[in-house]
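Chemist: Residue strings, one per chain:
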Amino acid sequence: MGNISYNFPIEKDDFERAGEASSKIKKILRQLGMDSSIIRRVAIGAYEAEMNLVIHSLGGTIGITIDPESIIITAEDTGPGIENVQLAMKEGYSTAPDRIREMGFGAGMGLPNMKKCSDSFDIESIVGKGTKIVMKMMLKDGD
Amino acid sequence: MKIREIRDALNAQVLWGEHLLENEILYAFGSDLMSDVLAFVKTGTILLTGLVNSQVIRTAEMADVTAILFVRGKVPDKDVIDLAKENSIAILTTNYTLFTTSGILYNCGLRGIEADKM
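Protein chains in written order, with our numbering: chain A, 14 to 156; chain B, 44 to 161.
Chain A with its partners taken away, still in its complex shape:
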C-alpha cells in the first residue's frame, strides 16, 4: 500500500460543521478495512483536534497520512498560538469560555485525550504564528 493523504480545512467558530472532517477520516479508514480499535483512536484524536481548531484557533487544517506502518494526524492552525503549552497539556486546564462549556467542551481534556490516543504526540506553538500538532498511531499486524 502506498501512502494516502487527505487534508481538510477547518473554520474558526463553525460549530455547525465541527466534526465533519473527523467523520470523513473515520469513513476513509473504515473503507480501507482497518481494525475498529485503531479507527476509534484516530477518530477520537482527530475530533479533539478538530474541536480545538473550531473553538480556539483562527482556522486551520486537519490532515491524515496513512503509510504501511502508521497513521499520522496533523492539526495546523494560523494562530493565535498557545502561551504555555505545558499548562495547556494539564488535565482540567482550559481557556474555553462558558458558551463552549455549555456545548460539552472546554473541560481541559482535549490535548491530554489526543496524547492518550497516540503512540507519539508532538505539539509546537508560537504565539502570533500558530500551533502544529502531530499524532502518530502505529499500525500492528491485523490493523
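Everything labelled a hint here was simulated from the structure, so no lab data went into it. Don't be surprised by glycine CBs; every beta carbon is placed ideally from N, CA and C. Hints are not guaranteed to be accurate.
[To be verified] The following label-pair restraints were derived from C-beta to C-beta distances:
id, chain 1, residue 1, chain 2, residue 2, range
1, B, H62, A, S18, 30 to 40 Å
2, B, E65, A, P93, 47 to 57 Å
3, A, G15, B, R47, 42 to 52 Å
4, B, E65, A, R114, 28 to 38 Å
5, A, I17, B, E61, 32 to 42 Å
6, B, N54, A, G15, 48 to 58 Å
7, A, G15, B, N150, 51 to 61 Å
8, A, K25, B, D120, 20 to 30 Å
9, B, N54, A, L100, 43 to 53 Å
10, B, Y149, A, K25, 35 to 45 Å
[As the list claims (entries may be wrong)] Stretches of chain B that chain A covers, calculated by requiring three or more beta carbons in the stretch to come under 8 Å of a beta carbon on chain A:
id, stretch
11, 64-78
12, 81-87
13, 99-109
Assemble chain B onto chain A, guided by the hints.
Modeler: Same frame as chain A, but now just chain B:
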C-alpha cells in the same frame, strides 16, 4: 441489557432506531462533558446526557457509542436526530433526571465503566 429493556425500564420514547432495540448494551456512562465521553467510553455503551446538540452525536460517532439516552425530557432538533440516523445510533428520551435514570438502570443490573480499568 437490550435497548428495548432500557426503554421499558425508563418509560423512554425512541426518537430514532426502532429497529436497533434488540442491540445489547454492556455499559452506561452519564456525562455532559463530551471530552470525558471520548476519554472513557468503550464500545457497547449507552450515553446518558442532558446535552442535545450535534456535538453529542459527533462524540458518540467517534467513540463508537451504541445508543444515546437524553434525560430530563430533552429532545434534540431534527437535524441532530438526522445526524444520529446517518450514523446508526439509537436515540431515546426519558423524563427522569440523570441520577434517577442511572439508579433505575443500575437496579436493572447495568453497570458503569470502572475508572481504574479505563
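Chemist: If a hint holds in the structure, say so; if it does not, say that too.
Modeler: Verification of the hints:
Distance hint check for H62 of chain B and S18 of chain A: the Cβ-Cβ separation is about 37 Å, which falls inside the suggested range of 30 to 40 Å. In this structure, E65 of chain B and P93 of chain A meet the distance hint of 47 to 57 Å, their C-beta atoms being roughly 50 Å apart. Between G15 of chain A and R47 of chain B the beta carbons are some 46 Å apart, a value that agrees with the proposed interval 42 to 52 Å. The hint said 28 to 38 Å for the Cβ distance between E65 of chain B and R114 of chain A, and at roughly 37 Å that hint holds.
The supplied range of 32 to 42 Å is met by I17 of chain A and E61 of chain B, whose beta-carbon atoms lie about 38 Å from each other. In this structure the hint that N54 of chain B and G15 of chain A lie 48 to 58 Å apart at CB holds, the actual value being about 55 Å. About 54 Å separates the C-beta atoms of G15 of chain A and N150 of chain B, a value consistent with the hinted range of 51 to 61 Å. At roughly 23 Å, the beta-carbon separation of K25 of chain A and D120 of chain B lies within the given 20 to 30 Å, and the hint holds.
Here the CB-CB span from N54 of chain B to L100 of chain A is close to 46 Å, well matched to the stated 43 to 53 Å. Between Y149 of chain B and K25 of chain A the CB atoms are about 42 Å apart, so this pair conforms to the stated range of 35 to 45 Å. Coverage of the stretch 64-78 of chain B by chain A holds [criterion: at least 3 residues with CB-CB distance below 8 Å; count 4]. Look at the stretch 81-87 of chain B against chain A: 3 of its residues bring a Cβ nearer than 8 Å to a Cβ of that chain, three or more, so the hint holds.
With 7 residues carrying a beta carbon less than 8 Å from a beta carbon of chain A, the stretch 99-109 of chain B meets the three-residue requirement, and the given coverage holds.
Violated hints are absent here; each numbered hint is respected by the structure.
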